[in-house]
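Please model the entire structure based on the sequences and the hints provided.
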Amino acid sequence: MTPRSPRGIVVRLAAGVAALSFALVGCVAADGSALAPDLPSPEPGAIRVVATTTVLADLVARVGGSLIRVTSLVPKGGEIHTFDPRPATLVAISEASLVVVNGLGLDDPLTDLVGTVGSKGPVLRLGDALPPGSILVEEGLANPHAWLNVAHARSYVAAIATALEAILPAKASQIATQAAAFDARLAELDAWTRTQLAAVPQANRKVIVLHDAFPYFAEAYGLEVIGSVISTPGQDPSAGEIADLLAAIKSSGARAIFSEAQFSDKLAHAIADEARMVVESNLYDDTLGDAPADSYEGLIRWDVDRIVAALR
Amino acid sequence: MELVVDPLTHAFFVRAMLAAILVGTVCAVVGTYVVLKGLAFIGEAVSHAAFPGLVAAFVFKVPFLLGAGVAAVGTALGIGLVIRRTRIRTDTAIGVIFVGMFALGLFWYSAIKGFVADLFSFLFGNILAISTGDLVSLVALGALILVVVLVLWKELLYATFDPLAAAASGLPVGLLEYLFLVLVALTIVVSLQAVGIILVVAMLITPAATAQLLSIHFNRLMLLAVVIGVGGAILGLYASYWLNVASGATIVLVETAVFGLALVLGPRTGLASRRRRGTSAP
Amino acid sequence: MTHPHDARSHEHASHLPPIGSAAGIDAGHARAHADVWLSDVTAGYGDRLALNGVNLAVEAGSLLAVVGPNGAGKSTLLKLIAGLLKPWSGRVEVLGHRPGVAARRVAYVPQAETVDWQFPVTVEDVVMMGRYPALGVLRRPGRDDHRAVTAALEKVSMAQHAGTQIGALSGGQRRRVFLARALASEPDLFLLDEPVTGVDITTQQELMDILEGEAKRGKTVIATTHDLPTAAERFQQVAAINRTVVAFGPASLILDPDVLARTYGGHVLVLGGQRAILDDAHHHDEAHGREAHFHEESRPAQPHRHRGPRPATRDESRDAGSTTDGEG
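So the sequence lines, in the order shown, correspond to chains A, B and C.
Our numbering applies: residue 77 is where the first sequence begins, and numbers increase by one.
Our numbering applies: residue 12 is where the second sequence begins, and numbers increase by one.
Our numbering applies: residue 3 is where the third sequence begins, and numbers increase by one.
Do not take every clue at face value.
Stated by the list, open to error - Facing chain B, from chain C, some residues (calculated, C-beta under 8 angstroms):
1. Leu137
2. Ser187
3. Asp190
The set of hints was computed from the structure by calculation and includes no laboratory data.
This structure is a prediction, so every number in the text was calculated from the model and none was measured.
We put the beta carbon where it would ideally sit given N, CA and C, even for glycine.
Now the structure itself:
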């Protein structure tokens, strides 16, 4: 009836679970939210800045340089919509002299969290810095992914520079210089992207996306997004929605499905098989990836290369 | 020492600590009755049933506490009614109701356009993200629960131990039963934000179950459950801070570990002598 | 509402001539000075009939044994009087009111199996519970209450076990504690479900002495029992029950072969002056018999106690009607 020494078994089992837990915690802790290695390391006395995503964190870091220490709340590869903050995240928020969020519905829960936890400095909402009329709205909801239009990213950079200059008035000229230098590189990136996309034949410019992250990119660089597979991240589409999408694909002759690295591409492949399309499932939008997509510039170049290759 | 004091310099951690103490206390007190009545499954049901309430609160822009409270209390009373008034087996009735309610929550959730990450945080909870306003309402609700238990201490004890004799001697046992289910529902609502729907039953059951291994006196058992509940919550909170892992899960793991210790080392260890339950519990 | 057993029970009852003045009570005068009065009461669980056409009047100061085979409705009768079960039809009056109204003057002691004896309370705690209803909400037990508890514990010779956890008690001690709780509430009416079943002879005698004493003080005591010799020797009156009141009268009545035959369906064995019941119903209905006995492991089995697994006691609805099936 009783197994040999139940006590021993329980103790051994517990020890095993504990050991495994510590090993897992160790692994996870090692994978921080490290930004690109080419960024200057923060100097002593650097102020702490928190951004909601790695993409925004990279923009902030380029402007602030060594004057700031930037942390992204959602780690690299993390999903902003299902993000569960860790204690260290909250410590970062409470110590932050500036909190940079995107707004437009991308990171509202995180912005609420910042409000709840309380930060030392103000919250900068980058979406508010976009030129009037440039925000894309669908079914009453703003699309937040403005930074995928490089011109909008330049607006973000300008807003970040203004905010940092207000917080560090003594360093205002250094910040302005760094911002100007980065803005020049973004102008170049914008031009390069236009040139690359120009090579795509007009007939091939209709695409399907897994999640609706590319309207700003499409608008700026001349693609047409026929539809998206997932209307809300974390929610699978209904059978009816998939049928509608397949009908839209058929009537439009869309050529490729674009999907992001952080999502499972199962659904994209299922639809692509049905409609005989190309799947490009390794794009980045909400989060940075590994090198060379480990900076904003790298992300845009990575995506453009893959999009052009898929549509050529 | 720094390890202990350092987190307390952050206001959010202090709030989380207060919430942990509150949740630990309320859960242990109500959980003692839950364990003695053998109603753990009802706790599970009620916590999942709170989900559609949370979704509805999100849609109609009312406080989450209100939505979760209405759904949880409604389900608890519904379960009570089904148990008392129909001939369906209790576990069957509970199973049907709680999965049905959770499905209703998912159904509504999937119908919402836009991002509802807040709802995710209720599945797993985040004690660190409790605002001052939340904390105030939690303290009020928690205090209410504790006061009710304190006022009806004798009556709840008698009705739990021997419902037949208690009823025959004039105690409104049926009413106490429903009231108790409401207390369980409110306790779960108080704890939801801290540990989330999925883990809340552990907060309710584990400290009392541990105390049951260590004491045979009702008052001491409940006190011990409170000590274990509050201690586990505080220790778990610190551990999650030091290790930078989810606090709800860490708190539950600490309490589970304490239970394991009591099981292996305790004087009334369940391993040595398996506890036999009588045929009680209404 | 029709019940499958209705017809049958009526038939069963109808070919029995009334015994003495027992089964049929001429309601009028009996009701006036009865502590417990039932008139044409029908009751059951769910859709199962347990008692049919019950008439009974128990006067103040009575010491009444309720006897009958398993599933005869003995516990049901007590629950009706205690207000735990509502009759389907008929009238019940307890201490001059509807059942439950004078609940604080009633002490009901359920069968031992209905509570969890591992519950973390001490002997003293349990006996103190008897004081709770009268104390009311918010008031803590005072000196009077502690005195009453101590007195009750002394009465049942359990004072030295006041601090013992109830799980550590023997079967006999558990019955003593339950009786002490009833005593502590200082009731006018005791309703005891199998108070002396399955306990040793000494305990049985002591508990009966106490009940006799209460009856002598003018309290009314109604107890169910399986133990016919005890019923005959230690009680004043007996009510033989088998889905209805088969016989009611002085305790010696139960030794009458005719009464026994009608109550137990003829399965009676006479063993050297004492009577034992070979109750067929036990064997048919053990798996879900309601009138479960309290088994004390150490005690040798007695002729009338059935052996075998302890039946579930809680689900009243399953068995109440099925028992008489075995008696045809």
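Consistency of the hints with the structure:
Annotation: interface hint on Leu137/C holds; nearest CB of chain B at approximately 7 angstroms, less than 8 angstroms. Interface hint at Ser187/C: satisfied, since its Cβ lies 6 angstroms from the closest Cβ of chain B, which is below the 8 angstroms cut-off. The interface hint given for Asp190/C is broken, as the beta carbon of that residue sits about 13 angstroms from the closest beta carbon of chain B, more than 8 angstroms.
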